[in-house]
Amino acid sequence: MRATVGEKLVLHGRTVGQHDRIAEIVEVLGADGGPPFRVRFEDGHETLLSPGPDTVVRHQDRAP
Numbered sequence: 366m367r368a369t370v371g372e373k374l375v376l377h378g379r380t381v382g383q384h385d386r387i388a389e390i391v392e393v394l395g396a397d398g399g400p401p402f403r404v405r406f407e408d409g410h411e412t413l414l415s416p417g418p419d420t421v422v423r424h425q426d427r428a429p
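Per the working numbering, the very first residue in the sequence shown carries number 366; after that it's consecutive.
Please keep in mind that the hints were generated in silico from the structure rather than gathered at the bench. Please note that a few of the clues may not be correct.
Stated by the list, open to error - Restraint ranges, calculated between C-beta atoms of paired labels, are given here: (1) L394 with P418: 29 to 37 Å; (2) D426 with T380: 30 to 38 Å; (3) D385 with L413: 16 to 24 Å; (4) G398 with D419: 16 to 24 Å; (5) E392 with G417: 16 to 24 Å; (6) D426 with V381: 29 to 37 Å; (7) G382 with D408: 14 to 22 Å; (8) Q383 with G409: 14 to 22 Å; (9) G382 with F406: 15 to 23 Å; (10) V381 with Q425: 27 to 35 Å; (11) M366 with E411: 17 to 25 Å; (12) T369 with T412: 17 to 25 Å; (13) L394 with Q425: 17 to 25 Å.
A virtual CB, placed ideally from N, CA and C, is assigned to each residue, including glycine.
Start from the sequences, fold in the hints, and give me the full structure.
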């Protein structure tokens, strides 16, 4: 998984009724854009995150 600062991580709910969570990447700590990432959730909480298989990167559109 590769990501850059400003992109979003979507953590899909793992059980029925659990909502997806969205976090903005504020720092990339791994080599070549890899995890772990320092992320900020919509409620302002920040944490280090090593994404699992239930997480996807929502890449930013890059203008040519």
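* Asked: Going through the earlier hints one by one, which of them does the structure break, listed in rising order?
  -> 1
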